[in-house]
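Just so you know, the protein sequences line up as chains P and U, in that order. Going letter by letter, the first sequence gives residues 0 to 153 in numbering that gives the first Met the number 0. Going letter by letter, the second sequence gives residues 0 to 77 in numbering that gives the first Met the number 0.
Please note that the accuracy of each hint is not assured.
[Said to hold, decoys possible] Label-pair restraints from in silico Cβ distances:
| id | chain 1 | residue 1 | chain 2 | residue 2 | range |
| --- | --- | --- | --- | --- | --- |
| 1 | P | Pro24 | U | Gly14 | 25 to 33 Å |
| 2 | U | Gly16 | P | Arg99 | 43 to 51 Å |
| 3 | U | Glu22 | P | Val136 | 30 to 38 Å |
| 4 | P | Asp45 | U | Lys53 | 32 to 40 Å |
| 5 | U | Ala68 | P | Arg99 | 23 to 31 Å |
| 6 | U | Leu76 | P | Ala138 | 36 to 44 Å |
| 7 | U | Glu31 | P | Ser27 | 18 to 26 Å |
| 8 | P | Val6 | U | Gly16 | 47 to 55 Å |
Hints in this document: simulated from the structure, not taken from any laboratory. Even for Gly, the Cβ is constructed at its ideal location relative to N, Cα and C.
Below are the chains, spelled out letter by letter.
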Amino acid sequence: MTGVERVVWSPVGGTVTALADVPDPVFSQAMVGPGIAVEPRGGRADAVAPIDGTLTTVHAHAFVIAGDDGAAVLVHLGIDTVKQQGEGFTLHVVKGERVRAGQPVVGWDPDAVRAAGYAPIVPVIALDAQQEALRPVDAGRTVEVGDELFTWSG
Amino acid sequence: MADERAGRILAALGGAGNVVEIEGCITRLRCELEDGSVVDEAALKQAGAHGVMKAGSVVQVVVGPEADAIAEDIQDLL
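Chain U with its partners taken away, still in its complex shape (with noise of 0.2 Å):
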């Protein structure tokens, strides 16, 4: 299940091809990407997300306690 999140996250991210970087930081992913105009943040909350918070190419994604794991897993998928 946790993969699955992941990849709906990595997903609605825009791709594997648009996350420069990406770290679990206790409660959020924090994202670096290509082109931020891309994320799909209602998709984003479907997955789980309780907010998303974009400043152009980086985007915060609160995922809570559980963020270094998916931040691993979607690390995987990379």
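Isolated chain P, as found in the complex (with noise of 0.2 Å):
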């Protein structure tokens, strides 16, 4: 994999934030992976995939996708929004299905996950990547979906 550099796209539109102003440990202090989250914009809209590969794990409010070099991106759809249990958002894909970049993933709607009383936030992992692999976009930035988020070499 030396020299490949990935482009991973912003799985939803939103404010750029640092991973460590993700309210969950496993993300603030990248327990599986460095890499950079997104404050979404509410309303409903989908969320994308952020490279080409297949679906290895697919859940209502988190997914992976990993790349043919197996490079894998993790993007979890707000924070404990496993105890939402699925309800209220829409999965367009199954597990092991190929994806695009920018192809829909799953529906749902930031504000529905607020109003529940869970944080929104979309923290965007390099599994296993090292922090100094990874270049990413500047914290407070707005990216619309499907803008470059970080660049992954290695």
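Hints are included, so try docking the two chains, each in its own frame, into the full complex.
The structure is reproduced here in structure tokens:
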């Protein structure tokens, strides 16, 4: 994988936020990998695939896509949203399906998540990557769905 | 090897008799235990856990993206 530089695209539109500010130690302490989060804009929308690849894990509130080189990206829609048991989340894909970057994966409503008492922030994690392999866009910046979120080299 | 890891994690959680419920959630095992105080954090980390979060009888073991598969392996041992 040496010399490869992947672009990871934003699964949602919103404000880029440092992973350290995510209210869940698994993400804020980068226990499963480094990355960046997006504070999503409200209103019902589709979260899209951040890379080309195969869906290796699919839950209503989170999914993992592994690229053909094995590099996998986790997208988690909100914090502790597993407790919502899929309510308000509409899956457009199944486990094992191949997707292209930008393809809709899950429909959801960040406002509804917030109203239910959960933080709708979306951590986007480069699983098992080294921190220095990532070059994220600056925190505080506004991104649209499908804009570049970080590059991942190595 | 996955089975061995599941067994080690289960042992560190106090064994099958201590597990009320266990489920995989993307990167972590969410475990509801009879007694959260017997959890052996050092053994969990030796078994590959990145981190352990305890809140009474509910213990979350961060194991990475294979959490769902490990949870299934542990279910088979219960």
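Results of checking the hints against the structure:
1. One distance hint, 25 to 33 Å for the beta-carbon pair P/Pro24 and U/Gly14, holds here, with the actual separation near 26 Å.
2. In this structure the supplied range 43 to 51 Å holds for U/Gly16 paired with P/Arg99, their Cβ-Cβ distance being about 47 Å.
3. Distance hint for U/Glu22 and P/Val136: a CB-CB separation of about 34 Å, consistent with the stated range 30 to 38 Å.
4. Checking the proposed 32 to 40 Å range against P/Asp45 and U/Lys53 shows it holds: the Cβ atoms sit about 36 Å from each other.
5. Taking the beta carbon of each, U/Ala68 and P/Arg99 are about 26 Å apart, inside 23 to 31 Å as hinted.
6. Against the hinted window of 36 to 44 Å, the Cβ-Cβ separation of U/Leu76 and P/Ala138 comes to about 43 Å, which satisfies the hint.
7. For the pair U/Glu31 and P/Ser27, the supplied restraint of 18 to 26 Å holds, since their beta-carbon distance comes to about 24 Å.
8. Evaluation of the 47 to 55 Å hint for P/Val6 and U/Gly16 yields a pass: the beta carbon distance comes to about 49 Å.
Violated hints: none; the structure is consistent with every hint.
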